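Protein chains: 2
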Amino acid sequence: MPQRLSLNQKTTNRWSVQEAVDGCVRAELTSIGLWREPVHEVGVTQAARMVTDAGLRVSSLCRGGFLTAEPGPERDRAIDDNRRAIDEAAALSADCLVMVVGGLPEGSRDLAGARDRVAEAIAALAPYAEERGVQLALEPMHPMYCADRGVLSTLDQSLDMAEPFAPDVVGVVVDTFHVWWDPAVEAAIARAAERIASFQVCDWITPLPADTLLSRGMMGDGHIDFRHFRRLVEAAGYDGAIEVEIFNADIWAADPDDVVALMKKRYAERVLEP
Amino acid sequence: MPQRLSLNQKTTNRWSVQEAVDGCVRAELTSIGLWREPVHEVGVTQAARMVTDAGLRVSSLCRGGFLTAEPGPERDRAIDDNRRAIDEAAALSADCLVMVVGGLPEGSRDLAGARDRVAEAIAALAPYAEERGVQLALEPMHPMYCADRGVLSTLDQSLDMAEPFAPDVVGVVVDTFHVWWDPAVEAAIARAAERIASFQVCDWITPLPADTLLSRGMMGDGHIDFRHFRRLVEAAGYDGAIEVEIFNADIWAADPDDVVALMKKRYAERVLEP
Numbered sequence: 031m032p033q034r035l036s037l038n039q040k041t042t043n044r045w046s047v048q049e050a051v052d053g054c055v056r057a058e059l060t061s062i063g064l065w066r067e068p069v070h071e072v073g074v075t076q077a078a079r080m081v082t083d084a085g086l087r088v089s090s091l092c093r094g095g096f097l098t099a100e101p102g103p104e105r106d107r108a109i110d111d112n113r114r115a116i117d118e119a120a121a122l123s124a125d126c127l128v129m130v131v132g133g134l135p136e137g138s139r140d141l142a143g144a145r146d147r148v149a150e151a152i153a154a155l156a157p158y159a160e161e162r163g164v165q166l167a168l169e170p171m172h173p174m175y176c177a178d179r180g181v182l183s184t185l186d187q188s189l190d191m192a193e194p195f196a197p198d199v200v201g202v203v204v205d206t207f208h209v210w211w212d213p214a215v216e217a218a219i220a221r222a223a224e225r226i227a228s229f230q231v232c233d234w235i236t237p238l239p240a241d242t243l244l245s246r247g248m249m250g251d252g253h254i255d256f257r258h259f260r261r262l263v264e265a266a267g268y269d270g271a272i273e274v275e276i277f278n279a280d281i282w283a284a285d286p287d288d289v290v291a292l293m294k295k296r297y298a299e300r301v302l303e304p
Numbered sequence: 031m032p033q034r035l036s037l038n039q040k041t042t043n044r045w046s047v048q049e050a051v052d053g054c055v056r057a058e059l060t061s062i063g064l065w066r067e068p069v070h071e072v073g074v075t076q077a078a079r080m081v082t083d084a085g086l087r088v089s090s091l092c093r094g095g096f097l098t099a100e101p102g103p104e105r106d107r108a109i110d111d112n113r114r115a116i117d118e119a120a121a122l123s124a125d126c127l128v129m130v131v132g133g134l135p136e137g138s139r140d141l142a143g144a145r146d147r148v149a150e151a152i153a154a155l156a157p158y159a160e161e162r163g164v165q166l167a168l169e170p171m172h173p174m175y176c177a178d179r180g181v182l183s184t185l186d187q188s189l190d191m192a193e194p195f196a197p198d199v200v201g202v203v204v205d206t207f208h209v210w211w212d213p214a215v216e217a218a219i220a221r222a223a224e225r226i227a228s229f230q231v232c233d234w235i236t237p238l239p240a241d242t243l244l245s246r247g248m249m250g251d252g253h254i255d256f257r258h259f260r261r262l263v264e265a266a267g268y269d270g271a272i273e274v275e276i277f278n279a280d281i282w283a284a285d286p287d288d289v290v291a292l293m294k295k296r297y298a299e300r301v302l303e304p
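Protein chains in written order, with my numbering: chain A, 31 to 304; chain B, 31 to 304.
Treat the hints as calculated values from the structure; they're not laboratory data. Take the hints with a grain of salt, since some may be wrong.
[To be verified] Listed below are the simulated SDA-like cross-link pairs for lysine to any residue, each with C-alpha atoms no more than 25 Å apart in a straight line: (1) A:K294 to A:Q33; (2) A:K295 to A:E264; (3) B:K295 to A:S138; (4) A:K294 to B:E264; (5) B:K294 to B:L243; (6) A:K295 to B:D140; (7) B:K295 to B:D269; (8) B:K294 to A:K294; (9) A:K294 to B:S138; (10) B:K295 to A:E264; (11) B:K294 to A:G137; (12) B:K295 to A:Q33; (13) B:K295 to B:E264; (14) A:K294 to B:D140; (15) A:K295 to B:G137; (16) B:K294 to A:S138; (17) A:K295 to B:K294.
[Said to hold, decoys possible] Covered by chain B, per the in silico footprint, the following chain A stretches (three or more residues, Cβ under 8 Å): (18) 139-152; (19) 171-180; (20) 207-216; (21) 229-240; (22) 253-261.
Quick caveat: nothing in here was measured; it's all calculated off a predicted structure. Glycine residues also receive a C-beta, built at the ideal position from the N, C-alpha and C atoms.
Please work from the sequences and hints to get the whole structure.
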């Protein structure tokens, strides 16, 4: 039984929380990564009950973030929404709240400024998260998303931003899809050590699908050496969940139980030792 | 008259070498960046005569590279082809030969190995380039091309690879499209100093076009602060050509003279001081 493997519910995008929970139980998985929108559909209390009743652990809640707005009403709304996300992560006893920090504001070309505002927003949110026992997990995004989704582009940059805070308050996500290309990633993972809040796996496939938001592949379908990254995070001391989060139109069109079965197979073949 | 502005002929993709040379003269440009394929169509000697007769300088020749193959016939062919490219750059008196180093070999997931083989190939080519007075210009490619086009992903990584060689033998390309997202780019450009062989500008546009090889935009159409990068390379000591290289289906469909006129306008507005 794959004790560390976790199904991020985006991988089986058409499943509701209850269906994803049931799918995990059928597949003998012990962890699940949840998204806020499907959780809201049933209510946080009910979703928490579903996972608890099934004996599952919530390896992550996606997602907080989108914190690059200039000071003003939009930024205030973002901070409020992130506080709600922290409350939800606490209610779900999630291992962490994944933070996708947001891209450049409309019309802005001030990348350094956007990055500074993310750091300020994290500082504003950290005490709230700490009080509720929630770890914020800064997710470096692949640089192709820098303009429109996430101005945190490398693991080192995320660690620099996390550094002022205790590791159990602000950690980082190591998602192979986002960081596999980075020539400094080995050193950065070693540096991350106890700040690794989440380890996510999915593959980089070519040619890149037309919609780059749906360009992630099942492990083994692309170019990433997953065992290498699993060994790196383990050497850094990480022994938590290994979560599979795949945005891909073909995978979303397939039968979710088949996707979970394939995920388990590829996890054994490609992520664990051969 | 924009003395430093150079038209990379890819920006006016349908023009032959002679047409691009004539277009530069009409627009009062003094430099051109050439590609090997159109140069081969007329022959290197003839192409060299065209640019000399027009009083133009060749700011770059694109491209050498594709050096990630394992030892064997494919790698031997790549080395031979790069020697020919060096000869062509010498015949054209090009300021540099741009090196796009290549992606992972078919089926390989050994990124570190591919990067090591590039370093070995550069060591094999450097003496040949030095004898002919040609500067090899290592081009870090945007990480979205890491798997299939260029395993050099950051300017720092390119500088590490260039370090064993004299700056006039192995330099680097600073192309805003490829490096704008990098949180370490300011320090890397300062570090690059006299190794900056070429400074190329084009914009990062969103949403990313479906064909990511054609996803570059005219300056001002996207998210990059060009003045910031021009100041950085100048502060590092670079005073050479500022070359505009745009792969974009809409720009390729437009009248090339109109594209050159727009390029001059945007260069003045977006790259130079306002």
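Check your understanding: Against which earlier hints does the structure fall short, listed by number upward?
Key -> 4, 8, 10, 12, 17
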